[in-house]
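*Asks:* Listed here are the chains, written in short residue letters.
There are 2 protein chains.
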Amino acid sequence: MNELFLKELKDDFNISFNNTAYLEEAFTHSSYVNEHRNQNIKDNERIEFLGDAVLELIISRYLFEHYPTLPEGHLTKLRARIVCEASLSLFAKDCGFDHYIRLGKGEERMDGRKRPALLCDLFESFIGALYLDQGITKVLEFLNQTMFPKIQSGAFSHVMDHKTNLQEYLQKKGEITIDYQLVEEIGPAHQKAFVVEVSAEGQILGQGQGRTKKAAEQVAAENALLNLQGQ
Amino acid sequence: MNELFLKELKDDFNISFNNTAYLEEAFTHSSYVNEHRNQNIKDNERIEFLGDAVLELIISRYLFEHYPTLPEGHLTKLRARIVCEASLSLFAKDCGFDHYIRLGKGEERMDGRKRPALLCDLFESFIGALYLDQGITKVLEFLNQTMFPKIQSGAFSHVMDHKTNLQEYLQKKGEITIDYQLVEEIGPAHQKAFVVEVSAEGQILGQGQGRTKKAAEQVAAENALLNLQGQ
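Sequence lines, in order, name chains A and B.
Residue numbering for the first sequence follows the UniProt record's numbering, starting at 1 and increasing by one per position.
Residue numbering for the second sequence follows the UniProt record's numbering, starting at 1 and increasing by one per position.
Only chain A is shown next, with the shape it has when bound in the complex (with noise of 0.2 Å):
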């Protein structure tokens, strides 16, 4: 296995393998392989399939409990969000990996290594070869340094959010008005912060601070969550 790619590994990722037999599985293309039938090389589509799973269950237990209000359908919707091609091949490519992968000649000629489908297979196949190397608490580690700040983010919550989720909470009781109001703007104007309290009914549910107004919602409507689901 390249050596670069190794220290790579190891200094942005703290990732060291024990078995490099799993990770040069997981960076062969097929194309490679067809252009190598005499040398019994492994593509990656096997471990590919694996590492499929092993993100789908790992962010499935992920978005259960970070959003431990949201309903099914939209856990399903937010996790086809994430876990999709065009998603997974930017993460592919944040981590450097398009420049690692063994593809044939007429795939490379193709353009084959910036291709969106190829880049997504490469990281479930990068996935499915940490779970076999090290077990899934690594796997959730390296997710942990890479997918999970970005959902926190809020970079696929765009059909669904807090404010969406404490509506469906509150609507379950039946019809229900809920407020937000700006109570407290802090700091001076090129450092502002916004301070949002949410009430229904005239009840104060939570309060949220955020650098923009819709910001402060979201986290005031996820506090109220909070609030509620602890009484």
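Some hints here could point you the wrong way.
Because identical chains share one entry, a pair is satisfied inside a single copy or across any pair of copies.
In silico DSSO-like links for lysine-lysine, alpha-carbon gap of 30 Å or less [claimed, not checked]:
id, residue 1, residue 2
1, Lys-173, Lys-42
2, Lys-42, Lys-77
3, Lys-105, Lys-172
4, Lys-173, Lys-7
5, Lys-105, Lys-150
Just so you know, these hints were derived from the structure itself, not from any lab.
Guided by the hints, dock chain B onto chain A, whose structure is given.
*Replies:* Then chain B, alone, in the frame of chain A:
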């Protein structure tokens, strides 16, 4: 939670829940929640979302390990046959789960308790509950008792089998003729067993025993693959 059910889980599967709230959630259909709106009861949809992913990973890993040369496309097909409504609903019934799910009155009248989609979801939500309560190793143990024996028996393998598998493995290196020979019949007529030897290019690759010639061929092919991979 129903005491009889708890006893059955203990007696049949050696499962005792630490937190029976998970189990209750898993065994509560949304139709029941709809009829008890004021009681703040959770339905099993979120926990099923999680259980589905747990099951997918365990079955993927099982297939990955037990069919070490099966191409990804076949693994995916086989997994889809195992993790599907038709199959999981039967497992739910085999485990007697259908007796214990809480349904709304309407759903009960419509024979919801027998509906495959409902039973499939129930099996997955049970997996989700067991996973949350005791982790993936306990789920593995449960599946080892319920699902794996059926997979091993070939109940899902009509599309894919060890003979095909062996053929694909050997033909990677070019066309090759594989030969199955009956070498022995063991036991009395009503309890006969067959021994088959598989060879290619004059070289014996493996031997298998089974209650039918076909079954013996499958075992021989499986052993041949194991021998070849040990090389």
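*Asks:* All hints are to be evaluated individually against the structure, with a verdict given for each.
*Replies:* Comparing the hints with the structure gives:
no.: 1; hint: Lys-173 / Lys-42; verdict: between (56 Å within a copy, 13 Å between copies)
no.: 2; hint: Lys-42 / Lys-77; verdict: between (34 Å within a copy, 20 Å between copies)
no.: 3; hint: Lys-105 / Lys-172; verdict: between (58 Å within a copy, 20 Å between copies)
no.: 4; hint: Lys-173 / Lys-7; verdict: neither (55 Å within a copy, 35 Å between copies)
no.: 5; hint: Lys-105 / Lys-150; verdict: neither (34 Å within a copy, 44 Å between copies)
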